[in-house]
Structures are given as structure tokens and as C-alpha cells.
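Colleague: Numbering follows full-length UniProt numbering, in which position 192 of the sequence shown is assigned residue number 192; successive positions increment by one, without gaps.
Honestly, the hints are just simulated from the structure, not real lab data.
Built from N, CA and C at the ideal position, the CB exists for glycine as well.
Wrong hints could be hidden among the right ones.
[Unchecked claim] Ranges between beta-carbon positions, derived for each pair:
1) Glu220 to Val6: 39 to 49 Å
2) Val6 to Glu150: 39 to 49 Å
3) Arg111 to Glu162: 45 to 55 Å
4) Glu30 to Arg239: 46 to 56 Å
5) Glu266 to Glu220: 40 to 50 Å
6) Gly132 to Ala41: 31 to 41 Å
7) Gly273 to Gly132: 31 to 41 Å
8) Ala160 to Glu298: 38 to 48 Å
9) Asp306 to Asp25: 35 to 45 Å
10) Ser264 to Pro153: 34 to 44 Å
11) Glu266 to Val97: 38 to 48 Å
12) Ala41 to Asp296: 23 to 33 Å
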Amino acid sequence: DVVVAVGGGSVIDTAKCATLLKTNDGPLPEYEVNTPEDVTAGSIENHTHPLITIPTTAGTGSEVDYWAVITAPDREFKMAIGQPPLYPDGPYLGADVSLVDPELTASLPPRQTAATGFDAFSHALENHVAAGAPELVKPYTRHVMGLVPEHLPDAYETGAMEAREQLLFGSHMAGFCENFAGFGAIHSLAEVTGGMYPEIPHGEAIAVFTPPVMRYNLEEYPARHAEVAEAMGVDVSGRSDVEAAHAAVEAVEALIDEVDLPTSLEELGVDRGDLPAIAEKSLDTIEIHDNPRAADAEDLLEVAEDAY
Numbered sequence: 001d002v003v004v005a006v007g008g009g010s011v012i013d014t015a016k017c018a019t020l021l022k023t024n025d026g027p028l029p030e031y032e033v034n035t036p037e038d039v040t041a042g043s044i045e046n047h048t049h050p051l052i053t054i055p056t057t058a059g060t061g062s063e064v065d066y067w068a069v070i071t072a073p074d075r076e077f078k079m080a081i082g083q084p085p086l087y088p089d090g091p092y093l094g095a096d097v098s099l100v101d102p103e104l105t106a107s108l109p110p111r112q113t114a115a116t117g118f119d120a121f122s123h124a125l126e127n128h129v130a131a132g133a134p135e136l137v138k139p140y141t142r143h144v145m146g147l148v149p150e151h152l153p154d155a156y157e158t159g160a161m162e163a164r165e166q167l168l169f170g171s172h173m174a175g176f177c178e179n180f181a182g183f184g185a186i187h188s189l190a191e192v193t194g195g196m197y198p199e200i201p202h203g204e205a206i207a208v209f210t211p212p213v214m215r216y217n218l219e220e221y222p223a224r225h226a227e228v229a230e231a232m233g234v235d236v237s238g239r240s241d242v243e244a245a246h247a248a249v250e251a252v253e254a255l256i257d258e259v260d261l262p263t264s265l266e267e268l269g270v271d272r273g274d275l276p277a278i279a280e281k282s283l284d285t286i287e288i289h290d291n292p293r294a295a296d297a298e299d300l301l302e303v304a305e306d307a308y
């Protein structure tokens, strides 16, 4: 009668795709989206099978968004699958009901708490600075960018339930924002890296790429990144947008250090010789289309080198 997904983003995304293929013809790669035009093509024709999602991480926000990321091992690539409702009561990829309880995250180990919590922060960050990000999402993205730095260290160090509750709320809110604003090069590069190195946790790859991508994007969009600094509680009074934007990068790096997340691709075990392929494959992702600053393979290779 219904699919129930209990777990993190990978579990929930797998369940979403199962509900899709229950009521729509396969195979799954036919529903892959690589461009904005793919998203609006309406390839999901029938309502998916009923789905209840119960997240145990904070997190991907997958319990409330219209997307799934599934690895295609033969391509060493993470496929994006997704569709919002394109008309009233139209079919979409997502849950019918989501049950969100912070107590279900209580047993999450510190390393996973840090990685998934930073992933939630990165969603808000990229949604906030994305090309064409609507003003609708910005009060929420600002709130999440303040919430995660405030509570992630405590959740990581002590597992305090209040901190976990706030993180899960922030993750859920950021997941909501994903339905209205895009991502960018952070997720493009991290997902491609994860497709080529499936042993690397997604949130750890996100942490490695976030400062280098911010440095790349702020050169053309310093004001948007200055807003990130303000949201994180950085005192930007008397600073130019450029100075405040660089302060945002420093604040993000400090958060990464505070929760002991990796800071380089080398630390993650990525072979330097794979960087050109990572850069090239990132151009095939849906997320790169919403990066605030245009990027080609050469640009992304420079970012990957910065991350190494």
C-alpha cells in the first residue's frame, strides 16, 4: 500500500525511485535530469506510489524535496532524478508524508553528524547564492546558515538533543528551499567525486569543495557571499562586500575545522590525476547550471586544484 523509508538521504532517495518505477515505466536512467529543460520535460507521467519518509540524519532534506541522487556504477556518475509538480496536482518525485523526529538522529556517530550537518549548511549556502535564487527562499537560507554553525559543534561534540533538534529543523528547512532554488559547483564537483569514489561520504566531499567554490564565485558575486557572512554571525560592519565575502569563507573554514571534517581531496584519497575528469564530468550535472558564476572545464579544474 505504501513505501516507508527510514534512514538518511541514500535510503530516502532509493525509496523515491522505487515509488517512481512502481507506477512509471523504466529503466531509471530515462528519468535522469542534466539540464533545466530536462526538469520541465514532464518525463514522470504518473503519480508515484505513496511514500512516507522518516529521516535519521540531519541531513539531506530529501524527505521534503523533489529530487533523488542515484549512483550509476557503470558510468561512475551520480544521476540526478527529479521532477516538481508541473501543474496543479501533477505528478512529482517525493514523499506524501514526512515524519521528522530528532530522537531518531540520537545514535548518529559524530563523524556522520558532522558530515550530514555540513551538507545541510551547504544546501542553504548554495540555494542562497544560486543564479536566479528567488527572494522567497532567502529568509530561510539565512536562518539555516546561522542555525547550523550555532548547533553543529555541540551536536558533534556532545550529541545534545537540543542541538540535534535544531539541526534537523535546519536540514528540513533547507530541503524545502531546494525546491525553489538551485545548487551550484559545490554539489556538482562533490557528486561527481562521489560517483568516482563511492567510499567518500557525500558531506565530506561537500566540505572539501565549499571554500574553493566560494572563492571562485565571490570574485563576481561578492555581495551574495557577504550575506553569507552576516547570516553566520560575522561582524561585517565597516567592511566592503569583497572583504565580507572573504570573511564568509574564513567562517566556513573555521566551522569545518571545528567539527574535524576533511579539508582536501588528497585527505579523501582522491588521485590528482583524476581532477581533469572530475572537472569535465561536472559539466554534465544539473547543479552546474545554477552556479552564480559561469564555469567551464578549465575553471572547474582550477577549483579542484584549489581543493586538492
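Colleague: Indicate, hint by hint, whether the structure satisfies it.
Modeller: Right, here's what the structure says about each hint:
At roughly 42 Å, the beta carbons of Glu220 and Val6 sit within the given window of 39 to 49 Å. For the hinted restraint 39 to 49 Å between Val6 and Glu150, the CB-CB distance of approximately 28 Å leaves it violated. Taking 45 to 55 Å as the suggested C-beta distance range, the pair Arg111 and Glu162 does not conform, at roughly 21 Å. A hinted range of 46 to 56 Å for the beta carbons of Glu30 and Arg239 is consistent with their spacing of about 49 Å.
At roughly 28 Å, the beta-carbon separation of Glu266 and Glu220 lies outside the given 40 to 50 Å, and the hint is violated. Taking the beta carbon of each, Gly132 and Ala41 are about 19 Å apart, not inside 31 to 41 Å as hinted. The beta-carbon spacing between Gly273 and Gly132, approximately 35 Å, falls within the hinted interval of 31 to 41 Å. Here the CB-CB span from Ala160 to Glu298 is close to 45 Å, well matched to the stated 38 to 48 Å.
Under the hint 35 to 45 Å, the C-beta atoms of Asp306 and Asp25, about 43 Å apart, fit the expected range. The hint said 34 to 44 Å for the Cβ distance between Ser264 and Pro153, and at roughly 21 Å that hint is violated. Distance hint for Glu266 and Val97: a CB-CB separation of about 43 Å, consistent with the stated range 38 to 48 Å. Between Ala41 and Asp296 the CB atoms are about 25 Å apart, so this pair conforms to the stated range of 23 to 33 Å.
Hints 2, 3, 5, 6, 10 from the earlier list are contradicted by this structure; the remaining hints agree with it.
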